[in-house]
Each structure stands twice: as structure tokens, then as C-alpha cells.
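Visitor: Since the structure of chain S is already known, use the hints to place chain B on it.
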Amino acid sequence: MKTKSTAPAARRRGLSEIERKKRIFAYSMIAPVILIFGFVRILPIFQNFLYSFFHSSIGNPLEKFLGLANFTDLFKDHLFILSLRNTTFFALFVTFFSVIFAVLLAVMLSSPTRGGAFYETVYFLPVITPMVPVAVVWKWIYDPTYGLLNYILSWFGVAPVGWLVFPDTAMIAIIIMSVWKIVGYNMIIFLVGIRDIPESYLEAARIDGANTLQVFRRITLPLLRPIMLFVLVISTINSYNVFTQVFIMTSGPQGAPGNAVRTIVFDIYENAFRYFRTGYAAAEAVVLFLIILALTLTQFGISGSRERRERSRLKRKGASA
Amino acid sequence: MVKRVGIVFVALMVLTGMLFAGGSSEAKGKETLSVWCGYPEMEAFYKHAAEEYKKLHPNVEFNIVTHPLREFEQKLSATIPSNTVADIIDVSVYANQKFIEAGFIPRMPEKVGSFVNAPGRYSDFARKNNSYKGVMYGVPFFQGRTALFYNTDMFAEAGLSGPPKTMAEMYEYAKKLARRDGAGNLTRSGHSLRLSGQGSGVAEKWWFVLYPMGGTILKEGKTPGTYHAGYNNDGGRNALKYYVDAVHKDKWDDHKIKHDAEAFQLGLTAMFFRESWVIGDTAKKAPNLKFKTALVPRDARWGRITNIQNLYVTKAAKNPDLAWDFVLFMVNDANQKWMLDNVGWLPARMDVDLKEIIARKPQFEAFVATAPDYEEFGYIPIGPFDELATRLAERLVAAFMDASLANNPAGIAKVIADAAEETNQILKRSNFYGE
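Line order of the protein sequences matches chains S and B. If you use the numbering used here, the first sequence corresponds to residues 1 to 321, in order. If you use the numbering used here, the second sequence corresponds to residues 1001 to 1435, in order.
These aren't lab readings, by the way, just hints derived from the structure by calculation. Among the hints, erroneous ones may be present.
To be verified - Derived BS3-like pairs: lysine-lysine, alpha-carbon spacing no greater than 27 Å straight-line:
1) B:LYS1165 to B:LYS1355
2) S:LYS64 to B:LYS1133
3) B:LYS1428 to S:LYS64
4) B:LYS1222 to B:LYS1133
5) B:LYS1165 to B:LYS1251
6) B:LYS1111 to B:LYS1054
7) B:LYS1414 to S:LYS76
8) B:LYS1176 to B:LYS1249
9) B:LYS1337 to B:LYS1292
10) B:LYS1428 to S:LYS76
Looking at chain S on its own, in the form it has when it is part of the complex:
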């Protein structure tokens, strides 16, 4: 026990002069990056927490201490409640469909076929295209008068649909566009995971008589679980932070009705940068942070408990054998 606790100290004492200098050099090289990261990323988070307890004005974010008043006001604000509901709806559907489609595409592209790389590129292209031009293009596609989508639908006798102008369709339209944008990223992650599964596992299953679906359900999917967790967490975080596409698609006289697709970050943006209610917007950001944190921890928790169950099942199986 004693040996264990003194081991690091002994190792430090045992460092050669060259090793010590190397470490000093390494730390001094990392320090500016750490300092800049702390200043531009970590400090603002703490500042945001601080501002959320204050009434603010332009140039004076700490004008008057309010305690929890900003938070209590939030839950009386119909626009915040609406934003919360819309964002949750958006995140749920975007995460669900982007994961489902990504898994399907990854499975289809995982077997070596001719043109596989081409299709991977095609599906990944939306990911690397910046969101603003993509949102503008989709706004044109959804245009009720001259939009490509309505034009194609007209071949089948469908009357023009105001995709972005009606609350019933506006959110669905933005979800479709967002799934299209993110699915390539999720697909690549799953593809890496699938290609990492040893071929011998799949072969063994096939020799045992498993069909394609059974191989997928019993071998591929369980082995993809850590990747699945990563994709779910990233997709949920990204979906809760949705802003650009909502902002672009609601602008202009033919834009989507603001409240029908109002999301939390959009509401934060309006309060902070249009109305300069910085403290109130900071409180919204804190709530968003807590929601994402809770969801992420839940996802980790679910995945962890599954793994624990799996391990104990295997243990029991081993013992009985």
C-alpha cells in the first residue's frame, strides 16, 4: 500500500534532466492552448451561470441581482415553453431518424461493393457543406410557388403545399432537412464500427445457420453499442442546439412562422442579441445545459446498465457451463 502511494514521487525523483526538460517544454507548449481554451470556452460557461442570476442591460450584465427570478420567469414565459417543446420534438425525431437511416446505410455500404466509396462520398457531402447555403437551398426547394418539391409532387396530382409557411409542415420540413444533413456523419461513424467487427464473428454466426437479419440483430447491433451511444449523445446535443436552419428558414416575407419552429437557441439568441436581456437568456442557456447534461447522463446510464446486465449474464452462463 505504502509502496503504491509513494511510487509517483519516486518516479518523479527518478526523472533524468533531459526528461524533466522535455516535460517543461511540453507543458509550456500546451499552456497557451489551455489558457486560450479556458478563456474562450470554460470561462464563458461560468460567466453564463453568473449572469443567469442577474438583471442585465447593454454593457452591464450584472446590473441587479435577482436570485432565481430569471428561472421562475422562464417557466411562466409561453415562448420559452413553446421553444422547449419544439426543440424536444425536433431533437427526438432528428436523433431517431438520423440514427435509423445511418445504421441502414452503413450496413448496406459495409460489404465491399462496386461504387461503395462513391456512395459514401455522396451521403457524406451534406455534412461538409456549410449550413447557411444548405438552408437557403432547402428554402428554395420548399418554396410553395417555384419549389422543386412541389413541382415533383405536382406530377402525382398533389396540390402545392406551403411547406415552410404552415405550422403543421414547417417543423417536419426542417426535420427532414436536418436529418439529410446529419445522416452522413452518423453513417460514417457506424461504418467504421461495422468494419471493425471481426469477420470471424460473422462467419461463425453464419456457419451456425444465422440469416442476415439474425447476424445483424445478434452480432452487429450489440457490438455497435458503444458507437451507438456516441452517436446518440452527439446527435442529441446537436439537435438541442439547433439554430442556423431555423433562423434561415424563418427569414424573409415567405419564411416559416417564427413560433411554429421556435427553438431554445433561437429564443436565447432573440433575448440576448435582439432585446439585450442577457441575464434572462443566460438562464435559458443554463436550462438547456442541464437538459443536455441530464439526457447525456441518462444515455450513459442506460448503456452502462445494459452492459452490466450483459456481463453478469455471460458470467452466469460461464458458471453454469
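Guide: Only chain B this time, still in chain S's reference frame:
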């Protein structure tokens, strides 16, 4: 090794120093003015003014940037508090008022003040609506006055000889002018109303109908400088009913068809309300379109919105005297005329003779014409105006879509009352509320 690194470091420092020294000596005597504007069509004017100014001051360079209005407002929000904004900004009082109240915009110098306050130079309305605590911070530049644009070919085809004179007449004309395809889809709106979109624009356009009907967005309280919602009345309810009936009852406008200037230029609407810039824009985009303009029709009263656009010199200006000099240059007689003739925005100055341009382009007439009882109204110069107008716009957008409001006076009254309650709450929170 250390010695070699040291030598390289010193050499780099010396080189950098030489570069900076060289740069500053080269830049000696040169001045650069940056100008930002929220109206892309104004870029031509700024370039023209800059070229003319450079003839008189060859040492001055210009950096002119224009953005669509909403993006421009966002840019101001980020750059004015951080003092990284341009030297000169071209912005309306409603977007800039919050910065003026917070002390971010400097007052104009005495020389500029005496130019602005010269008798007959600007209307009393322009002075009043651009003052904060009795002081003007920006030089009125151009004005967004509203008039009715109407397509004369479509009017003739519908057997209408002239523009509508009343709101009721405008409604009937719109019914006659709307066109549908065999399936009943609207292919041409009778009157393009602003039914959707971001920001306060929807509320502003609704105001065009609201004001003649006897309502307004904010009404001054008993104590000067305090306000309350001015639309929780018959005017507000009738104005909302006008829109709801247009979309859900008589269906001469809908959400799916194109709107605004684009619709007018494409022949997808017969009439709409807008500012004079549409004349310049249409000359470029639809030169063969036959149209005229008219005063806004009357109802319980008669009037048009006038939104003054000002030129402000910011605290970020490195040479404020030069910036103010260029501002005064931009509002001289020749440049004010050039702006109307080439861009279409109506000059804010009252003492510039525009007769020759109006004779050549008679569509401008409705923007300068007036009548004894034709009122001017506009944005109230208080910080929270943008927020309360945007909140009202969001409620209106939802109401315009709500088919259950057709033939439903109680529903309309509730929408108006709830919106007014929110307006009053924002005023109370900002200490501007007064009965």
C-alpha cells in the same frame, strides 16, 4: 542551438518592426472610413458618394459593407457594445434606440447640429421621432414612407379605373383582382399582405391597415414618455379581421403564393404597400411592369408610416470629424437627388427640390404628396419597441393562419387583448408603461 534560435527570433522581431514602420509611413496621410448599411440596394449610392468625396479628398479611402436588414441588425448588436462597429452606420431609430439609451452612440457635434436644426430642413415629425431626451444623435438621411403600388394592366383588366380610396374599397378591389387556377389555387393575390416572416416586419405592415382604422401600436400615456398598447380597440380588431377575412373568408391572399415586391414584380399580385425603393428595384428587375402608386386609402382616419433612416457616427470612429464631414456630404442636395433618382429611397431633407425627378418618374408622387388630414406616424423612439413589435408580429402570424377566427369576433378580440397584454407587460418591465 539556443543561440541559433535566439538569432532567428531577433531577426524576426526586426523584420516585423520594419514591416510595421514601412506600413505606417506609407499610410501616413491616408484615412479610411468604414460605412455599414442594412439596405443592399444602397451600395450603389455609397459607392457614388465615396467616388465624389474622393475627388475632393483624395487621401480618403472607403470600406463600404451592406447587409440584408435583419443580418445588419444582428451585426450591430454584436459590434456596437464591443466597439468594433464601422465609423458610420446607416440605421433607423427603432434599431439603434437601445444603443443610444445605453450611451453607446455619441451625440452629433455642434456644426452638424446646426445643419440638422436649420429651419425648413427636416420635418418636425423627423426631428421628434429621432430625438432622445430632446437631442438628435443621427442625421436624417432617407425616409421609408409607405404608398400603395398597383398594377395598372391588372386594374384595367378588372375594369378598375383608379386606385382604391378607402379600406373597404381596397378590400373589394382585391376580391376582383385575385385569380385562381382550375383547382381553385390562388395564382394571383388581389393584395399582397405580409402574412409571415421574422422580426417586426409583419407588425409594421399590419400597422398600415391598423392606423387608418383608428388603432396604432403604441399610444402615449397621460405622462409624456410613457405608453400603452394602442390596438386593443375597434381599430385593432377590424385590422385583424381585414387580414383574417382576406385569407380565410374571401381568400384573395394566402400563405402559399409569393408576397411583397417579388410577387409584384413577377405579376403574382395586383397591389401591395411598400416604400419608394421598390420603384428603383422594379426598374431593374421588371422594367416593363406597368404600375402606379397612390396614397394609403382612408378609413376612420388617413395616414402613412414614415420611418426615418439616420446616419450615425459611432464611438469606434477613428476620425469622427472626417466621418461627420462625409455624413454631411452624403446629405447634400446633389446626393439626396442622386439617391432618389438612382436607388429610389426618398430623401429625408425637405428643402431639396425633387420636382424634376418626380416629373420624369411620376410613381414617386404618392410618396411626397400629402393632404391636410393625411397623418404621418412612425416608430416610437424607445428601446423596447423592437421587442414588443416582434412579439406582436409573432402573435399576428399565428392569428393570420387561424381559420377559426373567420366570422369569430370573440376569437379576434381575444387575440388582440392577449397581444396588448404582452405589449403592456414589456412596457412595464422596461419602465415605459403609462395609462
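Visitor: Taking the hints in turn, state whether each one holds.
Guide: Each hint, compared with the structure:
1. B:LYS1165 to B:LYS1355: With a Cα-Cα distance of about 25 Å, the restraint between B:LYS1165 and B:LYS1355 holds, given a limit of 27 Å.
2. S:LYS64 to B:LYS1133: Holds, at about 25 Å.
3. B:LYS1428 to S:LYS64: Between B:LYS1428 and S:LYS64 the Cα gap is close to 17 Å, so the pair holds against 27 Å.
4. B:LYS1222 to B:LYS1133: Holds, because 18 Å separates the two Cα atoms, which is no more than 27 Å.
5. B:LYS1165 to B:LYS1251: The given pair, whose Cα atoms are some 21 Å apart, holds under the 27 Å limit.
6. B:LYS1111 to B:LYS1054: Holds, at about 22 Å.
7. B:LYS1414 to S:LYS76: With Cα atoms ~19 Å apart, B:LYS1414 and S:LYS76 stay inside 27 Å; holds.
8. B:LYS1176 to B:LYS1249: Holds. B:LYS1176 to B:LYS1249 sits at ~14 Å (cutoff 27 Å).
9. B:LYS1337 to B:LYS1292: Measuring from Cα to Cα gives roughly 21 Å; hence the hint holds.
10. B:LYS1428 to S:LYS76: holds (16 Å)
This entry satisfies every hint, going by the numbered hints stated previously.
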